[in-house]
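Asker: This is what each chain is made of:
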Amino acid sequence: MTRISVTVDGTSYQDEVEPRMLLVHYLRERLGKTGTVVGCDTSNCGACTVHLDSKSVKSCTVFAVQADGRDVTTIEGLAHDGELHPMQQAFHENHALQCGFCTPGMIMQSIDLLRENPSPTEHEVREGLEGNLCRCTGYHNIVKAVMSLGEGASV
Amino acid sequence: MTVTEERPASEVGAPRRRKEDQRLITGRTRWTDNMQLPGMLHLAMVRSPFAHATITSVDTSAALSSPGVAAVYSGADLAEEQGALPNAWSIIPDQVAPSHPSIAVDTVAFSGEIVAVIVARSAAEARDAVELVDVEYDELPPVLDSRAAATDDVLAHLDLGTNVSAVWIFDSAEAGTGSDVEQAISTARTGGVLIERELRQQRLIPAFMEPRSIVVDPTGEQLTVWTSTQVPHFVRVFIALVLGIPESKIRVIAPDVGGGFGGKLQFTPEEVLTVIAARHAGKPCKYTETRSESLQAAHHGRDQWQKLTLAATKEGEVTGLKIELVADMGAYLGLVTSAIPILGAFMYNGIYKFPAYHLQCTNVFTNKAWTDAYRGAGRPEATFAIERLMDELAAELGVDPLEIREKNWIKHDEFPYMTVCGLEYDTGNYEAATEQARQAFGYDELRAEQRRRREAGDPVQLGIGVSTFTEMCGLAPSRWLGSQGYVGGGWEHASIRMLPTGKVEVITGTSPHGQGHETAWSQIVADRLGMPFDDIEVLHGDTQIAPRGLDSYGSRSLVVGGMAVLAAADKVIEKARPIAAHLLEANPDDLEFAAGRFGVKGTEAGLGLGEVAFAVFQAHNMPAGTEPSLDSDATFDPETFSFPHGTHLCAVEVDTETGGTKLRNYTCVDDVGNVVNPLIVEGQVHGGLAQGISQALFEEAVYDDAGTLVTGSFVDYLVPSAADLPSFVTSRTETPSSTNPLGVKGVGEAGTIASTPAVVNAVVDALRHLGVDDIVMPCTPHRVWSAIQHSSAGAATPADNPAGDDAGLPSHNAAVSEGSTGESPGEGPEAGGNDSRGGLS
Amino acid sequence: MISAAFDYVTPESMDDALAALSSDAEEIKVLAGGQSLIPVLRLRLAAPTLIVDLARVPGLVGVRDDGDALVIGAMTTHADVASDSMVGEHAGVLSKAAKSVADPQVRHLGTLGGALVHADPAGDLPAPLLALDGELVIAGADGERTVPASDFFEDLFSTSVGEREILKEIRIPKHTSWKGHYEKFTRVAQQWSIVAVAANVRTDGETITEAKIAFTNMGSTALRATAVEAALLGKEATPDAVSSAAARAAEGTNPPSDTNGDAAYRRHLATVLTGRAVLSAVAS
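Residue numbers (our numbering), protein chains in the order written: chain A, 16 to 170; chain B, 0 to 840; chain C, 31 to 314.
Calculated directly from the structure, the hints in this document are not laboratory data. Cβ atoms here follow ideal geometry from the backbone N, Cα and C, with glycine treated the same way. Be careful, since some hints might not be right.
[Stated by the list, open to error] Some chain C residues well away from chain B (every beta-carbon gap over 10 angstroms; in silico):
hint : residue
1    : Ser-52
2    : Arg-86
3    : Arg-94
4    : Ser-115
5    : Ala-171
6    : Gly-173
7    : Glu-193
8    : Gly-235
9    : Ala-257
10   : Thr-283
11   : Asn-284
12   : Ser-310
[Claimed, not checked] Straight-line alpha carbon distances no greater than 20 angstroms define the calculated EDC-like cross-link-like pairs of lysine to aspartate or glutamate that follow:
hint : chain 1 : residue 1 : chain 2 : residue 2
13   : A       : Lys-70    : C       : Asp-114
14   : C       : Lys-129   : A       : Glu-142
15   : A       : Lys-70    : A       : Asp-24
16   : B       : Lys-661   : A       : Glu-142
[Stated by the list, open to error] Chain C stretches covered by chain B per the calculated footprint, using a threshold of three residues with CB under 8 angstroms from any CB of chain B:
hint : stretch
17   : 31–39
18   : 207–219
19   : 289–297
Input sequences plus hints: build the corresponding full structure.
Answerer: Now the structure itself:
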């Protein structure tokens with residue numbers, strides 16, 4: 016067991032974890048942050064995407080011990096006082112989700128995408144989401160949702 | 000940026016944002032794998048690495064002494080208790096099927112089959128113990144190719160004596176729905192055109208994003224089962240039947256379910272084993288599959304060979320179609336495995352009205368994962384075949400592919416139309432959808448660009464693909480299902496509860512997993528009962544809350560389940576009417592119900608439905624002999640299918656130097672009848688397109704010669720990302736269905752069914768002038784490039800020619816009769832082989 | 031999937047890290063960004079008993095100017111390599127290749143050093159390193175040694191970094207006036223390269239005066255395309271001339287066959303992509 020302290024969605028935690036425990040399993044099983052999900056074994060699907068020190072990472076490809084001393088934001092840390100994050104709202108408005116399993120990761124990556132490039136072209140949005148798989152939407156409305164929040168987008 | 004949505008005049012047809020979204024976008028979703036129960040144990044499966052083998056021993060002792068392990072089961076341990084997994088559809092009375100165990104006892108028949116089960120305190124400990132189970136196998140030769148399997152040289156199941164599960168035949172002359180196809184072929188051979196092809200429907204994997212998960216709690220009076228399924232009602236029935244547990248003691252819950260696409264239309268070994276483990280342990284048990292396990296052992300889809308002969312006149316009028324299918328069942332029959340090709344068998348005529356049709360389908364076993372429903376289930380295969388053939392016919396005759404279709408399709412004033420397959424298409428307007436698509440796509444401009452690129456010898460060529468499709472939606476009239484050998488019915492159930500506070504609960508037997516029933520059913524009920532959209536709660540997916548239902552698949556939810564909802568709402572109104580009349584001291588016949596209110600004709604007097612509901616709750620003042628309840632149930636059994644249709648056009652750029660393809664424009668006009676929620680309909684089309692396009696270009700489940708799945712992770716099983724697809728141009732025509740009161744048709748599978756041939760037609764069209772007339776799916780760059788190399792224009796050196804099926808070569812070519820090219824009538828597929836294409840340029 | 035259990039240490043100095051590698055643990059793996067290693071562990075394709083995480087070893091992150099070379103710390107992420115202006119200016123082909131690795135999330139954690147030591151023949155970083163004549167500084171108990179990229183990649187997943195050594199930094203001679211391009215061919219965006227070409231060229235007017243070309247996934251390691259390089263020298267950077275030089279791309283390669291294409295197809299792709307890479311580089 017290894018001792019870690021980590022801040023998740025604004026709350027700090029100290030825990031003993033097995034070194035092999037993935038960050039996503041720590042979030043889900045120890046903290047009850049079940050909004051972050053596991054979709055694959057090979058770091059392809061992106062469903063587990065969270066922000067680690069404000070940058071998007073796949074939490075199935077990080078050991079919880081690697082998050083020691085760092086700050087994690089999950090899909091559950093985006094809305095404040097019942098106010099949705101604009102990206103959550105944009106996904107809702109644009110019908111950018113169906114079954115919703117990829118949605119937490121997709122939203123977290125979309126936020127990161129705009130952080131790095133606040134006024135992306137459609138091509139840049141698509142490239143920026145290349146690490147997130149969705150099987151329901153064909154991505155059309157996801158791209159639309161992200162574009163709707165780009166600077167200069169006509170809302 | 001909260002948008003206030005005013006109540007529209009009509010909820011049906013409004014682009015309502017979904018009620019489901021709130022929990023999904025905030026991460027408060029209820030996935031099965033989220034469940035943690037006190038004392039819960041975790042399962043891990045030991046799976047066979049061999050495709051076909053005899054199990055000689057299973058040593059579980061080391062695993063049993065591994066830390067945290069509570070139990071380890073081999074197949075022998077559970078041989079009696081596990082029963083056999085069901086197949087629910089016998090397409091012929093003497094259909095052959097092996098017994099289908101949840102855990103293999105003596106032999107394994109595909110790689111990935113479960114051979115031992117670990118039950119441990121944690122998922123990690125269970126996984127650790129998997130490594131410690133020692134299974135000895137004697138390998139047997141596997142049969143992997145379905146056409147080879149049909150010869151019975153190597154058997155997938157030694158004790159079965161054959162690989163052939165069933166041979167199913169439909170012949171229009173015998174059925175009385177048309178004429179003799181051999182006659183049509185013979186006529187075409189001497190004076191018309193024959194197009195002969197053998198097309199491949201590659202094996203696909205549904206690849207829903209949420210891996211399957213099961214939690215079983217045996218600790219109460221009832222066995223409670225949470226499972227990531229499309230079919231909780233099926234699961235309940237089959238747990239009862241397979242394990243001998245009284246159905247009344249079983250509660251099955253499908254909480255939020257992360258996609259299915261047919262892949263979760265199953266009763267699975269993992270469900271059976273988790274139930275057994277939980278009952279043995281007396282504690283809750285959970286099993287969640289890994290993605291690798293999901294790709295390897297959740298059922299696959301498609302995997303057919305289609306040998307096709309299309310007969311036509313020299314003028315391009317189709318006169319007959321003959322089909323020989325070999326359909327790969329994989330190792331076992333799942334719930335509806337054997338019927339998947341048959342669900343397409345009635346659709347090979349597509350939107351066309353030719354007179355003669357014959358289909359023979361041979362279902363065979365191989366040593367691969369078993370196949371079953373995957374989005375479209377039979378209909379994509381049929382649509383692909385006919386739409387590829389129509390493009391080949393157009394090319395053969397040198398006419399535009401849209402023109403050849405128009406010559407053959409059913410005109411809008413010819414509906415209702417009885418097809419050569421014996422189905423009555425109720426309505427449709429193929430002309431309107433096609434014209435609208437043609438305009439939106441810029442068909443003529445793209446054809447002009449295509450000509451320019453061809454003339455310039457541009458290394459990047461442009462292809463235009465056409466697909467005009469229809470499908471049968473709304474599975475299914477129970478009588479029809481019975482006539483086809485299915486054990487169940489096709490009805491759907493709904494009930495409506497009027498709560499004293501004026502809220503409405505709608506209970507549906509459909510089981511959504513992304514489709515948005517909570518929103519769409521609310522819209523239907525809001526209109527019918529005149530109640531606010533937000534006051535309606537839709538409940539589903541729990542056999543205790545929605546005890547009757549047949550779940551969601553086959554584009555049936557709205558067309559069948561939605562009608563049950565509508566009928567239940569009508570019953571509420573009819574139950575409320577005499578009570579309202581009593582309270583208003585009026586004659587029931589003098590009441591008008593509109594906008595949620597019973598009004599007395601010619602007066603201001605009236606009562607809202609909510610007020611009636613409260614009065615019924617009080618029951619202080621009921622008419623004599625009336626029960627104090629407005630709650631109503633309805634079960635709807637469709638009389639027939641519905642037939643959405645559409646025209647899909649796509650432009651693909653093909654890089655002739657690399658074989659790479661790029662989808663430049665995808666435009667479709669779908670006619671799904673009246674629309675309850677256009678946002679949801681569009682979303683269904685987008686997602687369907689992505690899956691159909693992906694079959695054309697990206698996805699294929701590949702096994703190696705030993706029967707090991709090579710594409711066993713998302714590294715190799717290529718599901719496209721946003722970067723691999725374009726935005727789509729979608730629109731609709733609305734020709735209401737006449738088979739149901741809402742005039743709706745179903746949309747869940749449309750995009751998938753239509754798009755695959757549109758894309759392949761486009762790729763072939765881009766290279767047609769080089770002598771290419773088919774490319775095996777998926778049209779990988781390697782296959783596209785190889786097809787060019789083997790074509791007349793490729794001028795390939797032998798070293799550049801990869802051999803085998805993988806080179807993207809069709810197995811057959813057009814055998815054209817002397818009527819069109821002057822070749823001798825005796826020349827069949829062999830004569831039309833690769834070598835002959837050198838002379839086409 | 032869950033990895034087999036292992037012990038885990040986070041040394042805070044290079045000496046401690048090297049000491050950890052000398053421990054008597056049965057099998058030791060060094061953890062950098064983890065983006066290749068963790069999936070391998072999850073699939074239980076490897077089961078080390080000790081993992082040495084370099085995250086807290088100081089001095090392994092960042093790009094610094096060292097006169098005629100850039101020095102990139104082994105723990106510098108792909109995202110940081112890709113966005114670094116010095117790398118863009120002096121090692122353009124590396125910058126472009128780093129941008130093409132996997133997907134944004136992976137680039138946020140995956141490191142240059144980790145990818146090089148992983149030495150996947152389909153990985154995107156070895157080829158640009160070869161095309162830049164990079165050098166690798168390897169730390170061991172006896173001090174540091176420097177290995178040229180051409181000697182570094184030994185075989186499939188195998189490099190000259192010994193079991194008790196750690197890749198410390200990567201030295202890239204400045205190719206300041208050179209033009210670079212990384213031409214990557216995949217079926218879907220996130221896929222490993224089917225074939226990719228790193229082109230690093232210098233021109234005088236329209237004439238190619240120097241060319242360093244390397245391949246991804248054309249053999250068991252990344253390879254220099256020496257025949258193409260020779261053929262390009264002194265040629266005008268026209269499509270015809272470049273394409274005729276690129277026709278020699280397959281020489282000396284030994285590409286794999288898999289579901290994405292057979293060896294013959296890869297050899298063909300190499301010629302097409304080499305031409306494109308060179309022309310794009312010249313035009314950049």
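Asker: Take the hints in turn and mark each one as holding or not.
Answerer: So, going through the hints one by one against the coordinates:
1. Ser-52: holds (28 angstroms)
2. Arg-86: holds (26 angstroms)
3. Arg-94: holds (33 angstroms)
4. Ser-115: holds (26 angstroms)
5. Ala-171: holds (34 angstroms)
6. Gly-173: holds (39 angstroms)
7. Glu-193: holds (24 angstroms)
8. Gly-235: Check passes; 27 angstroms lies beyond 10 angstroms.
9. Ala-257: Holds, since 17 angstroms exceeds 10 angstroms.
10. Thr-283: Since the minimum Cβ distance to chain B is about 14 angstroms, Thr-283 (chain C) lies beyond 10 angstroms and the statement holds.
11. Asn-284: Non-interface label stands for Asn-284 (chain C): nearest chain B Cβ at 15 angstroms, farther than 10 angstroms.
12. Ser-310: holds (14 angstroms)
13. A:Lys-70 - C:Asp-114: holds (17 angstroms)
14. C:Lys-129 - A:Glu-142: holds (11 angstroms)
15. A:Lys-70 - A:Asp-24: Roughly 14 angstroms separates the two Cα atoms, so the pair holds.
16. B:Lys-661 - A:Glu-142: holds (15 angstroms)
17. 31–39: Check passed, 4 qualifying residues.
18. 207–219: With 4 residues close enough to chain B, the hint holds.
19. 289–297: holds (count 6)
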